[in-house]
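S.K.: Sequence:
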Amino acid sequence: MLNRLLELLYKGYEDFLLREINKAQLPSHVAIIMDGNRRFAQKLGKRTGYGHRIGANITENVIEWAYELGIKELTVYAFSTENFHRPQSEKSNIFDLIKVKLEELCIDERTHQRKLKVRVIGDRTLLPEDLLRSVRKVEKVTSGYNEFTLNVAIAYGGRQDLVQAIRGIAQAVQNGEIKISDLTESTISRYLYPEKDTPVSYVDLIIRTGGDERLSNFLPWQASGNECATYFCAPYWPDFRKIDFLRSIRLYQQRTAEKEKILSKRAFHLFNEIYR
Numbered sequence: 002m003l004n005r006l007l008e009l010l011y012k013g014y015e016d017f018l019l020r021e022i023n024k025a026q027l028p029s030h031v032a033i034i035m036d037g038n039r040r041f042a043q044k045l046g047k048r049t050g051y052g053h054r055i056g057a058n059i060t061e062n063v064i065e066w067a068y069e070l071g072i073k074e075l076t077v078y079a080f081s082t083e084n085f086h087r088p089q090s091e092k093s094n095i096f097d098l099i100k101v102k103l104e105e106l107c108i109d110e111r112t113h114q115r116k117l118k119v120r121v122i123g124d125r126t127l128l129p130e131d132l133l134r135s136v137r138k139v140e141k142v143t144s145g146y147n148e149f150t151l152n153v154a155i156a157y158g159g160r161q162d163l164v165q166a167i168r169g170i171a172q173a174v175q176n177g178e179i180k181i182s183d184l185t186e187s188t189i190s191r192y193l194y195p196e197k198d199t200p201v202s203y204v205d206l207i208i209r210t211g212g213d214e215r216l217s218n219f220l221p222w223q224a225s226g227n228e229c230a231t232y233f234c235a236p237y238w239p240d241f242r243k244i245d246f247l248r249s250i251r252l253y254q255q256r257t258a259e260k261e262k263i264l265s266k267r268a269f270h271l272f273n274e275i276y277r
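Going by this note's numbering, the sequence shown opens with residue 2, and the numbers climb by one from there.
Hint data in this document are derived by calculation from the structure and do not stem from the laboratory.
For glycine and all other residues, C-beta sits at the position ideal for the given N, C-alpha and C.
What you were told as hints is all true, and nothing was included just to trick you.
With a cut-off of at most 25 Å between alpha-carbon atoms, the simulated BS3-like pairs for lysine-lysine come out as follows:
1) 47 <-> 100
2) 24 <-> 12
3) 262 <-> 24
4) 243 <-> 102
5) 197 <-> 138
6) 116 <-> 243
7) 100 <-> 116
8) 116 <-> 73
9) 197 <-> 100
10) 116 <-> 197
11) 116 <-> 102
12) 24 <-> 73
13) 141 <-> 102
14) 102 <-> 73
15) 197 <-> 73
16) 141 <-> 116
17) 73 <-> 260
18) 260 <-> 24
19) 47 <-> 92
20) 141 <-> 197
21) 73 <-> 100
22) 102 <-> 92
23) 100 <-> 138
24) 100 <-> 141
25) 44 <-> 243
26) 92 <-> 44
27) 12 <-> 243
28) 24 <-> 243
29) 197 <-> 102
30) 180 <-> 197
31) 138 <-> 102
32) 92 <-> 138
33) 116 <-> 138
34) 243 <-> 73
35) 141 <-> 73
36) 102 <-> 47
37) 138 <-> 73
Quick list of simulated restraints, FRET-style, between CB atoms:
38) 227 <-> 93: 28 to 38 Å
39) 6 <-> 141: 41 to 51 Å
40) 46 <-> 114: 31 to 41 Å
All chains should be modelled from the sequences, with the hints used to inform the complete structure.
M.R.: Structural data, given as structure tokens:
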């Protein structure tokens, strides 16, 4: 009886949040730092692999929620460059899990119904060959789609991304392909991951689970310049619920409304200064 009541309350709150966020503009690009898989497993007395497996299921849910809402781009931080310091057995398990999930995306009917474009961003030279084959496969299978984009950050680090972009631009300048006088922000964006594809768009909202309030070297170019909203929440990634996702969207909308209000005030004061 109590569980049923809690389910009804949860569903009611979820419906309320959906009605609220549908009244305002949605973020176009949401990026997520999926933190807490290992701590979730430890809390239950399980091995770390258990937390990663449950977390991968939550990622599938979030893809569904983002698509349902009409979000155009979703980036998930699956494995950072710092994660290479973890034990070899854990790294192998994570890479195997990512490989399985990428293979599943290739044959999942929802991928093709949604016209989901899947891209991997990060240093591919650090990845095992069997995972690279799955990366190439899912990118090829979904290359013709553009309705909804999923960026999977593997072996990714924001500083490393900027460094490799600067190297690429320097090489292009040396080869005479680019003039220094022609360098713009869009030039830098084109040389960031993913290579030879449409750049990752500016981020509107970053979500981090697990209780830590830091961005962990994640998409610095796309996030910082856009003054994106950040939503830090306590649940470990395997505990992340739809209402947590909807709350993050509501926070983005509140931040956007505050920024618009400030800009309107500034414009009003400027108008008065000019015409008084």
